[in-house]
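Undergrad: What follows is the residue order along each chain.
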Amino acid sequence: MKRGFVYMIILILYISTHIGTAIALNNKETIVFDNSTGFFGMENEGPLGLSTLRDELEFKGYNVKDNIEMGLNADTITKDLINEAHILILINSDRRFKREEIALIKDFVAKGGKLLLIADTPESLTNMNKLSRRFGAEFLGYYLGDEVKIESGMGEIYLISPIPISLEKEPEVLLQTDFIEAKEWPSVWERPGKKVKKANFVVFAGIRYGEGSVAFLGDKDILLNKNIKKGNNLNFALSIFDWFEHKETDDTIVYSTDKLQFFVKKGETSTAIFAIKNRGDIEQVLKFEVPSYLKDTVFVQVDGNGLKIKPGETKVIRVKINWRKNASSLTGFIVVKREFGLYRTADYIKVEMIQGEI
Amino acid sequence: MRFRFLLFLSIFLFPLNIVADEIHIIYESAKIDGQFGYWYGKGTLNADIKDDFWLNIGDAKIISFTGAIPIKREGNKIYFMKQDERFECAFLLPRPKGHGLYKLSFNLPQINNNTDVEIEIVAGEKLLSSNPHFKSQKEGNYLILKGKTNKAKLSFIYITKLSYMLLSDALAGSIFILILIGYVAIRRKEIKEKFNMNLSEIKRKIMSQIVLKQEEGCYEISFEKPFGHKENRFFLRIPFWFISAIIIIFLLIIFFFSITNPLKKIWDSLGIFKLVIISFALFSAILSGLLLISAKDYKELSLRFGIIGGGIIGSMFGYLGIFAIILAIVTCLLIYFLSILLIEEEG
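Quick mapping for you: the protein sequence lines, in order, are chains A and B. When we follow the numbering used here, the leftmost residue of the first sequence carries the number 1, and every step to the right adds one. When we follow the numbering used here, the leftmost residue of the second sequence carries the number 1, and every step to the right adds one.
There could be a bad hint or two in this list.
[Stated by the list, open to error] Pairs of lysine-lysine residues, derived as BS3-like cross-links and limited to a Cα-Cα distance of at most 30 Å, are as follows:
1) K149(A) - K82(B)
2) K72(B) - K149(A)
3) K287(A) - K198(A)
4) K149(A) - K98(A)
5) K50(B) - K230(A)
6) K153(B) - K103(B)
[Said to hold, decoys possible] Covered stretches of chain B (chain A as the covering partner; in silico rule of three or more C-beta atoms under 8 Å from a C-beta of chain A):
7) 27 to 34
8) 38 to 46
9) 67 to 80
[Claimed, not checked] To give an idea of the chain B side of the interface with chain A (calculated C-beta under 7 Å), a few residues:
10) S64
11) E88
12) A295
Note that these hints are calculated values from the structure, not bench results. Note that the Cβ used here is the ideal one computed from N, Cα and C, for glycine as well.
Here chain B stands alone, though its shape is the one from the complex:
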């Protein structure tokens, strides 16, 4: 009993000096085979050494080392002869696997079965799982994982900043589209009426300028003369629908580039998401167009503008989470009330 007490006391008063390897690994994003992914893990191992030792290299490929002289290698074990007090080696670890969502799994190089590990992942956003448990934190553009382990096998699942943004934006975009679909469904009768009326109006205007006649063995399409002669002056006829079409196309081009320009830098890295973004944009543009065209009065137009504007802003900042909802509501209200104020002022 006394012996146990003394042993406990000695451990408590003089804790065992456990030597730990210090491992630092950095994963950089790089272009691999034309696509952005991750390069090998660039690591360094530092360890205080008291005698000759062996290093279990695990899944690492040793690039250079200092502080000891290698004597022999047996499989993954390399035997070293001590030269200095501190041993350092630089090594490469396997690449993370995946697209957007990456899995990192490797066996650490180890001297002492106790390791302080720090892993920096460039453009990483969130650690979804880790085995053994590691703490994670964001520092600038880096996701930093820290932990102490006596295990050699480590595995992590993390998401990149870009994927996190895309997923949250896609989720926000989906909610926005659902709202639009719901709105369109509620107002479907009005839209149908307005749409038919507008179409027949446009058709009538265009057809009054374009005449289609059946002649012998053929159809003859004749346009109203674009050029004319009145009071000794030549003139050129430019129809209103043509000017409107030019302005609409011009505005569409501006709108398209203002949305896609910020994406330009990451466009190459989007892969299949490009199609998803384009289809989302087209679908929401069609729904928004239907809603705007079918507005009965300015008040309703302002409300619909507000919903569409708020929805776009909410989708763009979807990665902000709850703040994106607040932002969307504020934008919607701001557009609506400012428009109303403007209309009332003019009225």
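The shape of chain A in the complex, shown without the other chains:
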């Protein structure tokens, strides 16, 4: 009887190991960097290579390959390539895509494939936009600077001479610059020309298309070995692949109150405090903003770069309100802008103030 029990346990363990291995093998998605568009450097360990990104992706369990390595046609995107790829990456195409290739790629995404389009040279825009426009996005030939720093939910991201992206619809995720100036950029080999406009430029965006996803990135250099370890560039690059996977994260933030009430005496200041707890499973960066008409009255005492709050952590926020001339009462709100991974969202805390003469 005892022996039978032991055999049963050994059998269950044996079967579960095999099931585990099978699941682990099936989970390995294949990322294909397409060579046919002139890309290379995945195995290059020098500053201009992409070996660090490749190693990190393999560490995460992906198979990272290119057409040449796969023994497939290296001069065109074929059905065989599409069939093998879960995530297809096209970078700075140096050739025009054929009609059949565009149809293949569109079909691939519609059926659940993931596509990452990267362009950062004015020379490649015509070719890349021929494809990106099919998904409602366009890379623009503007120069935004040699190095552009972005404060994001993942921390500081350093982009190297990125180009902006224009989108037809609101994307699911995006990364945008501060309010900066763009210049005309006719060629990589020329210094940028005259100023075009000032705006918050989108340099990364992700959309869902059919059953699949498409991401647009206006900077290839961020992925190079010499730049990927700068700031949180690596986290950012990897989070694109997390987003592709539709990984559900719990981003619950609990506020001790949803309404702040103040009574302010003439010429004085009133203070209120409230607590914020991160009940989710992801670190978030909270930025507090007040409407422009309250900028001289309501002050949230938090560092300008935002408040980082880890899962399970509680933070106390102090809000100061100044007495305001010619007003007996005032109603407004504080916007809590939350950033985590590639996602952004906002909460609102109501502010009510009554002013008295006493």
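Take the given structure of chain A and dock chain B to it, following the hints.
TA: The following block gives chain B in isolation, referenced to the frame of chain A:
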């Protein structure tokens, strides 16, 4: 005179610090338009820079760079503003041209007119010519070409491992077939006799079982009953020639797959060579068959087996050069003497 001496001395004692670009290029074999060939040369250029400079890109297409900011481009010249002490750029060079035998010809990208070049060619076997002169060496699956040059234009002719093997095997195979033809020519009378006798014997055996009769308005072919009934038992007749044919076909299939299986991996890359290999194999099989059938006794059969076995081994390892000849002779002698020993033991 004194001045010249001092100049010579200064050059000798303090050699000029010539800055050289370091260029590394790799050529990978890839499937191009359904056929195996070579992809673009993937290169990197490294150079120490002391000031603003210009880069002559030659035939290269620059993919990315670091260490300097481009200012303007005039034809193949790109002017850069120095940013760091070292400039590095990644570029693509044109594909090699050819099939099996490839020609590589391009203009290097250059900053200083002095370049240390290293070219790695995947599955390359031998450098046949180079201009300027470059040293070549084999390292694993790579053919590595190294040289220092002040010229921008480089050209090389090299042969791939597969082509080298195919050519040397084809040469060895041709020698083997010539030997077989010679042997068959010498023994042509014996073969003719044996062949006629064997054919008539087979014909007689088959015809005794198959009867062809002329009936009214038609021919009637009748076979010996495959089924019969003897002493209350049913039986099935299986003629000896049928069993022999099955065994021969079976052995032929095994022989065919044992030869072609090792070729399977490279079969797609063989192109027109497939036909050459098949015709070579068929021709040598016919000649070998004739020689084996016409052997008078076991001793002669052993000798012919030895020649055929040694020839096949010699052709297969033709790319080993002189060693292939030694291998063929050793195999031939081994088969012959072992067979003789075996026959004498049984006798």
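Undergrad: A separate judgement is required for each hint: does it hold in the structure or not?
TA: Outcome of the hint check:
1. With a C-alpha separation of about 23 Å, the suggested pair K149(A) and K82(B) falls inside the 30 Å cut-off, and the hint holds.
2. In summary, the hint linking K72(B) to K149(A) is supported, as the alpha carbons are separated by about 26 Å, within the 30 Å threshold.
3. A hinted pair counts as satisfied when its Cα atoms are at most 30 Å apart, and K287(A) with K198(A) qualifies at roughly 23 Å.
4. For a cut-off of 30 Å, the pair hint linking K149(A) to K98(A) is broken: about 36 Å separates their Cα positions.
5. Between K50(B) and K230(A) the alpha-carbon distance is near 26 Å, which keeps this suggested pair within the 30 Å criterion.
6. Annotation: proposed proximity of K153(B) to K103(B) holds, straight-line Cα distance about 13 Å (limit 30 Å).
7. Note: the segment 27 to 34 of chain B has 6 residues with beta-carbon separation from chain A under 8 Å; the three-residue rule is met and the coverage holds.
8. Using a Cβ-Cβ cut-off of 8 Å, 4 residues of the segment 38 to 46 of chain B lie near chain A, which meets the minimum of three, so the contact claim holds.
9. Coverage of the segment 67 to 80 of chain B by chain A holds in this model, with 6 residues showing a Cβ closer than 8 Å to a Cβ of that chain against a need of three.
10. Of the supplied interface hints, the one on S64(B) holds, with its beta-carbon coming within about 5 Å of a beta-carbon of chain A, less than 7 Å.
11. A distance limit of 7 Å between C-beta atoms decides the matter here; for E88(B) the minimum to chain A is near 6 Å, and the interface restraint holds.
12. About 47 Å separates the beta-carbon of A295(B) from the nearest beta-carbon of chain A, more than 7 Å, and the hint is not met.
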